[in-house]
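Chains as they are written, first to last, in my numbering: chain X, 1 to 315; chain U, 1 to 315.
These are computed hints drawn from the structure, not numbers from a lab.
There could be a bad hint or two in this list.
Each pair may be met inside one copy or between any two copies, as identical chains are not told apart.
[Stated by the list, open to error] Pairs of lysine-lysine, DSSO-like flavour, derived with a Cα cap of 27 Å: (1) Lys25 with Lys158; (2) Lys25 with Lys97; (3) Lys25 with Lys264; (4) Lys264 with Lys307; (5) Lys264 with Lys167; (6) Lys25 with Lys260; (7) Lys69 with Lys260.
Small disclaimer: the values here were computed from a predicted structure and weren't measured.
Number of protein chains: 2
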Amino acid sequence: MKSHPVSILAVGSLAFDSIQTPAGKAEQVLGGSVNYFSIAASFYAPIEVVGVVGEDFPKNHLDYLASRKIDITGIQVVPGKTFHWVGAYDTNLNEAKTLSTALNVFEHFDPRLSEKHRQVPYVFLANIDPVLQQHVLDQIQSPRLVACDSMNFWITGKPDELKKTLKRVDILSINEGEAFLLSGTRNIVKAAEIIRAMGPSVLVIKRGEYGSMLFTPTSTFIAPAYPTQTVVDPTGAGDSFAGAFMGFLAEAGAHREMLKTDPKQWDLLLRRAVLAGSVMASFTVEDFSFKRLMRLENSELVDRQHKLMAMTSVQ
Amino acid sequence: MKSHPVSILAVGSLAFDSIQTPAGKAEQVLGGSVNYFSIAASFYAPIEVVGVVGEDFPKNHLDYLASRKIDITGIQVVPGKTFHWVGAYDTNLNEAKTLSTALNVFEHFDPRLSEKHRQVPYVFLANIDPVLQQHVLDQIQSPRLVACDSMNFWITGKPDELKKTLKRVDILSINEGEAFLLSGTRNIVKAAEIIRAMGPSVLVIKRGEYGSMLFTPTSTFIAPAYPTQTVVDPTGAGDSFAGAFMGFLAEAGAHREMLKTDPKQWDLLLRRAVLAGSVMASFTVEDFSFKRLMRLENSELVDRQHKLMAMTSVQ
Numbered sequence: 001m002k003s004h005p006v007s008i009l010a011v012g013s014l015a016f017d018s019i020q021t022p023a024g025k026a027e028q029v030l031g032g033s034v035n036y037f038s039i040a041a042s043f044y045a046p047i048e049v050v051g052v053v054g055e056d057f058p059k060n061h062l063d064y065l066a067s068r069k070i071d072i073t074g075i076q077v078v079p080g081k082t083f084h085w086v087g088a089y090d091t092n093l094n095e096a097k098t099l100s101t102a103l104n105v106f107e108h109f110d111p112r113l114s115e116k117h118r119q120v121p122y123v124f125l126a127n128i129d130p131v132l133q134q135h136v137l138d139q140i141q142s143p144r145l146v147a148c149d150s151m152n153f154w155i156t157g158k159p160d161e162l163k164k165t166l167k168r169v170d171i172l173s174i175n176e177g178e179a180f181l182l183s184g185t186r187n188i189v190k191a192a193e194i195i196r197a198m199g200p201s202v203l204v205i206k207r208g209e210y211g212s213m214l215f216t217p218t219s220t221f222i223a224p225a226y227p228t229q230t231v232v233d234p235t236g237a238g239d240s241f242a243g244a245f246m247g248f249l250a251e252a253g254a255h256r257e258m259l260k261t262d263p264k265q266w267d268l269l270l271r272r273a274v275l276a277g278s279v280m281a282s283f284t285v286e287d288f289s290f291k292r293l294m295r296l297e298n299s300e301l302v303d304r305q306h307k308l309m310a311m312t313s314v315q
Numbered sequence: 001m002k003s004h005p006v007s008i009l010a011v012g013s014l015a016f017d018s019i020q021t022p023a024g025k026a027e028q029v030l031g032g033s034v035n036y037f038s039i040a041a042s043f044y045a046p047i048e049v050v051g052v053v054g055e056d057f058p059k060n061h062l063d064y065l066a067s068r069k070i071d072i073t074g075i076q077v078v079p080g081k082t083f084h085w086v087g088a089y090d091t092n093l094n095e096a097k098t099l100s101t102a103l104n105v106f107e108h109f110d111p112r113l114s115e116k117h118r119q120v121p122y123v124f125l126a127n128i129d130p131v132l133q134q135h136v137l138d139q140i141q142s143p144r145l146v147a148c149d150s151m152n153f154w155i156t157g158k159p160d161e162l163k164k165t166l167k168r169v170d171i172l173s174i175n176e177g178e179a180f181l182l183s184g185t186r187n188i189v190k191a192a193e194i195i196r197a198m199g200p201s202v203l204v205i206k207r208g209e210y211g212s213m214l215f216t217p218t219s220t221f222i223a224p225a226y227p228t229q230t231v232v233d234p235t236g237a238g239d240s241f242a243g244a245f246m247g248f249l250a251e252a253g254a255h256r257e258m259l260k261t262d263p264k265q266w267d268l269l270l271r272r273a274v275l276a277g278s279v280m281a282s283f284t285v286e287d288f289s290f291k292r293l294m295r296l297e298n299s300e301l302v303d304r305q306h307k308l309m310a311m312t313s314v315q
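Let the sequences and hints guide you as you build the complete structure.
What follows is the structure, encoded as structure tokens:
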């Protein structure tokens with residue numbers, strides 16, 4: 001079986017989350033970066049997930065993913081418990097506080113790709129150990145586009161390994177606090193310059209409810225967040241942002257070579273992909289876990305995209 | 001002497017500031033809301049300032065204001081010392097910490113308007129006691145547009161008086177933290193709804209380096225901040241934002257009646273005024289006091305406005 005010409009390989013965590021926010025509490029709900037990523041991305045393109053869960057992980061959720069045409073053959077079910085994250089948000093919903101992390105079966109996660117996975121044209125390396133991110137890249141044959149995420153834990157704990165990963169990716173998507181930590185400066189323009197010099201030609205800095213910024217070799221784009229009245233749980237906003245962003249690029253057949261062949265079109269595609277990410281994230285936060293995404297209609301996405309464009313127009 | 005048909009009356013403080021930021025220190029430099037406001041606004045329209053200073057205030061600065069065609073006949077020089085604010089910013093440059101405030105002659109500020117001031121078409125009430133703001137409005141004959149600012153100190157200390165002021169203004173311009181405090185909610189969409197119900201038909205919520213949001217009866221606009229690499233001192237960013245915003249509206253001959261006669265054009269004008277404010281603020285922060293504004297060229301404003309528009313375009 002061959003990979004679909006626009007499919008995305010997503011490697012990262014599937015998890016249980018226990019979350020407390022000003023809007024309420026959710027105990028042991030489904031979460032994890034590639035769960036959010038792949039559900040969001042599946043609105044745009046076929047997804048192949050590589051991850052690991054314990055025997056306690058609900059089979060019907062894997063069935064649900066499969067029903068969205070998400071290839072789950074790369075999700076290993078192994079003896080033991082699934083990764084469990086416990087976190088809380090105070091009134092500043094832009095930053096999660098980790099209360100506890102039980103890696104469980106995720107501790108020995110070793111992503112091994114099938115022949116089909118190796119041929120995938122688009123790759124998203126969610127926030128996992130940069131050594132594993134490189135290990136995935138070693139197995140990929142000739143991707144059109146590779147994006148990755150990271151976090152404070154790796155920026156501080158494995159900076160050299162992370163830098164090796166960054167040399168090999170086209171796009172890095174991280175949040176603002178992480179960008180400041182990684183670059184060593186608190187100015188976003190300078191931070192972007194420093195980080196792009198580490199490797200990624202394209203950098204997306206996510207700023208929570210303040211939107212995001214996109215830095216490419218030819219331009220800077222300031223993207224708004226969609227202002228929703230209903231903010232229940234910010235968990236997964238960044239991963240679902242990345243999902244819609246990569247999904248949009250894959251659906252459009254984006255290729256890193258476009259930077260050379262048609263830099264203007266490349267920039268425009270990236271900008272629209274960022275807006276798709278913004279809109280997706282705005283739905284994610286409206287309920288706990290990915291409940292809102294599971295009941296999301298394509299027409300709602302389109303409607304909110306139009307509204308967001310209207311909210312930034314000066315014409 | 002009659003007021004110019006597009007001139008703006010600005011009532012507020014002229015001060016000395018002593019400021020500490022991550023970029024350095026400035027002792028006893030010129031500051032105050034209407035100083036920033038009127039220098040910024042004077043790029044667009046004639047300004048008439050009403051304020052009070054002590055005998056220690058440099059006469060050559062008043063001459064400088066006059067050289068910018070700012071009418072300073074409303075600035076009283078009285079025995080005593082000028083208002084002195086001492087503040088600091090930590091790495092989060094979006095929020096000032098007040099270390100001390102010496103009101104000095106400002107304590108007995110009682111804005112009395114000349115005949116010329118009373119006929120002014122545009123009014124900006126900077127962040128002063130809401131009782132004084134009302135006192136100014138009592139003296140104005142028939143303004144085309146009234147905008148005001150406020151701050152935590154009055155929101156908490158004189159909420160009832162502030163609400164009386166709000167019933168009488170067209171536009172309120174405050175920062176995000178103040179909007180949350182005034183509305184009692186941390187969601188910006190809900191906060192805007194609550195505050196607009198208090199009176200101001202138009203609300204601008206300033207979000208520091210994250211830009212601002214504009215709420216009108218017919219639409220919502222999400223405005224970017226211009227991302228500058230040089231952030232030396234955020235003091236006065238909000239007041240110079242308001243100055244360019246009001247200056248732009250005055251220059252365009254805006255009138256509150258436009259909401260009824262041409263709501264689309266009204267929204268567009270307000271949006272462009274917000275962008276003018278964003279650009280002005282981005283220059284203000286590039287040096288201590290209003291040093292950057294004093295050496296600012298019109299061509300730089302236009303250039304940065306174009307760049308900012310390009311940074312939000314998806315076409």
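Structure-based check of each hint:
Taking the closest pair of Cα atoms, lysine 25 and lysine 158 never come within 27 Å of each other, the shortest separation being 33 Å inside a single copy and 36 Å across copies. For a Cα distance limit of 27 Å, the shortest separation of lysine 25 from lysine 97 inside one copy, 14 Å, qualifies, whereas the shortest one across copies, 34 Å, does not. Taking CA atoms no more than 27 Å apart as the test, lysine 25 paired with lysine 264 passes in neither setting, with 45 Å inside one copy and 43 Å between copies. For a Cα distance limit of 27 Å, the shortest separation of lysine 264 from lysine 307 qualifies both inside one copy, at 24 Å, and across copies, at 16 Å.
Only within a single protomer do lysine 264 and lysine 167 lie at most 27 Å apart by alpha-carbon distance; the minimum there is 24 Å, versus 48 Å between protomers. For a Cα distance limit of 27 Å, the shortest separation of lysine 25 from lysine 260 qualifies neither inside one copy, at 48 Å, nor across copies, at 46 Å. In this assembly of identical chains, the alpha carbons of lysine 69 and lysine 260 never lie at most 27 Å apart, being 33 Å within a copy and 51 Å across copies at closest.
The structure does not agree with the numbered hints 1, 3, 6, 7 stated previously, though it agrees with the rest.
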